[in-house]
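Each chain is listed here by its residues.
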Amino acid sequence: MKLMNMRRAYGDTLVALGGSNPGVVALEADLGRSTMSMFFGEKYPERYFQLGIAEANMMSVAAGLALTGHTAFVSTFAVFATGRAYDQLRSSVVIPRLNVKVCGSSAGLSDFGDGKTHQSVDDIALMRVLPGMTVFSPADAVEAAHMTRAMADIPGPCYLRLNRNDLPVLTREDEPFTPGKVRLMRDGHDVVVYATGYMVYLALEAAKLLEAQGLSLKVVNVHTIKPLDGEGIRAHARGMKGALTVEEASVIGGLGSAVCEVLMSGPADSRVRVTRLGMQDVFGTSAADYHELLAAYDLTADHIAAQALRVMDA
Amino acid sequence: MNTHDKDLRDLRLMAARLRRNILLMVPPGKVGHLGGSSSVADITAALYFHHMKVFPDPRDPRRDRCVFSKGHAVLAQYAALGELGYFDKAEFARVKTLKGVLQGHPDMDYTPGIEAVTGSLGQGLSICLGMALGLRLDGSPARVYCVLGDGELAEGQVWEAVMAAGAFGVDNLCAIIDQNGLQATDSCEAILPNPDQATKWAAFGWHTLEIDGHDLHQVVEALETARATRGRPTVIVANTVKGKGFPFAEGRVAFHNAALNEEQYQQALAAVEQMMQEAAQ
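Protein sequences appear in the order of chains A and B. Be aware that the first sequence starts at 1, since it is given in my numbering, and climbs by one per residue. Be aware that the second sequence starts at 1001, since it is given in my numbering, and climbs by one per residue.
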């Protein structure tokens, strides 16, 4: 399977946007090599603002650039973008609904070596609770590119959650990408999995494992966490024996919470039992390898498959 | 009397009118940030009614921008925006109510002439730096003014912005520190001593000026000097008195955010009347 990097897709798309839209500016806090915003800086140095290791200032500076009519892309690690600069994002950017696009890279557990301080388990919950915020979580690099382009057109603040690692490509460039609509990745009739980010791939792998055991798993890619496609999520739950949610983030306030909220507020036929897989009220830790770390928190195809079988047994 | 003297006389009158407008926003029994709004009233008058380019349309792209990073002192800014006709002065009486356009802290969605959302202290200078960079990128001659409180300078983000603005050499940016020496609960000195602002900002590459923030001649001159400065931003350290113009409140922490009683309110109105008479002479 072809591997691609979401950060690279983001960086390349940002350069393309810079060419087509002279209003696009980019801000960086000394991580441009990692977030890959540096490509934009090389091509458009006058529109690239290196603000040093000072994320709070960067976020409010982005607000000021947006207030003078620019579309500001802010890049840094997800933990710093959403945590360290939370109040700046909330007050300077989101309250006035400014055109600031926040790219949180090395999200989730994807920065496997750096440990707790660098692993964002809370970013989805933090961004989701901000009124009017758009929250994207791509399943692969192709979606990351689509989202980067989409953010330039969506009025107001957006958050894009990017994985650090080279990951399988699951979607096609020529497939239409619709922000705010879930994407069915594999149909099935027993159990539905709502997954986001790299977890979509693991869910698809789980579906293959289960196929051999006679269980039909439906895999739904929730690439837009907010606005959440409540209709789509409820529709995919109908007739299912249960649902799983899988995310590389805290299930508290994350995708798991979001899916439960829309299912429970919908009609009875979509109110299926939900098992939430993800970070269970814990921070991460350092590991030598990404998959080793995911496995430490039960984020594997095998575990997803086992949980689906438990749903069938219940 | 030469023209300049006449300008100063008009400005003194305007500063008194701004203080009267502030009083309209804090009638007896209604809590409001009287102290920090009145300490910055003369500077506000000089900015909006002498120095800055303002237009009948508050969104005119050629306008100079002014952001109160010390958002709680927005009563002074509302006082000026009302005088500019950006909203009905009847709004002064509806400040901080559901039906009004004047929020408790600056909100551009509600109030014509407000340029950003501030109130969470420490963010305004960063926002202004972004504006200055954006305007410079577009080749606009418009300038950006940021009003900070001295208590606010305890926020670390301010120093991130001071460092960055120096590095970017934005000469279309001017910061003004309303250095009244008091914050919400005590003097700045008693809480976290933070002396020698001019020295500190200069070390980060800023052009620095220190003035009496109630001497309109000095305020006007400093703003002109800032405008003429090339290659670096300017900070004006303005020494002021919290509660200036209202004798019972001057230099008193208690009037940071408080309600006046009827007697104090009448004293305040009388003080404004006297200020207007003196200014007219």
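It is worth saying that the hints were derived from the structure and are not from the lab. All C-beta atoms, glycine included, are put in the ideal place defined by N, C-alpha and C. A few of these clues could be false.
Claimed, not checked - Examples of chain B residues lying across from chain A (beta carbon under 8 angstroms, computed):
| no. | residue |
| --- | --- |
| 1 | Val-1117 |
| 2 | Gln-1123 |
| 3 | Gly-1130 |
| 4 | Leu-1192 |
| 5 | Asp-1196 |
| 6 | Thr-1199 |
| 7 | Glu-1278 |
| 8 | Ala-1280 |
To be verified - With beta-carbon atoms standing in for the labels, derived distance ranges:
| no. | chain 1 | residue 1 | chain 2 | residue 2 | range |
| --- | --- | --- | --- | --- | --- |
| 9 | A | Ser-265 | B | Leu-1192 | 22 to 30 angstroms |
| 10 | B | Gln-1266 | A | Arg-97 | 14 to 22 angstroms |
| 11 | A | Lys-2 | B | Lys-1099 | 55 to 63 angstroms |
These are the hints, each one checked on the structure:
{"no.": "1", "hint": "Val-1117", "in the structure": "holds (5 angstroms)"}
{"no.": "2", "hint": "Gln-1123", "in the structure": "holds (5 angstroms)"}
{"no.": "3", "hint": "Gly-1130", "in the structure": "holds (2 angstroms)"}
{"no.": "4", "hint": "Leu-1192", "in the structure": "violated (18 angstroms)"}
{"no.": "5", "hint": "Asp-1196", "in the structure": "violated (22 angstroms)"}
{"no.": "6", "hint": "Thr-1199", "in the structure": "violated (21 angstroms)"}
{"no.": "7", "hint": "Glu-1278", "in the structure": "violated (39 angstroms)"}
{"no.": "8", "hint": "Ala-1280", "in the structure": "violated (39 angstroms)"}
{"no.": "9", "hint": "Ser-265(A) with Leu-1192(B): 22 to 30 angstroms", "in the structure": "violated (48 angstroms)"}
{"no.": "10", "hint": "Gln-1266(B) with Arg-97(A): 14 to 22 angstroms", "in the structure": "violated (43 angstroms)"}
{"no.": "11", "hint": "Lys-2(A) with Lys-1099(B): 55 to 63 angstroms", "in the structure": "holds (59 angstroms)"}
In summary, the numbered hints that this structure violates are 4, 5, 6, 7, 8, 9, 10.
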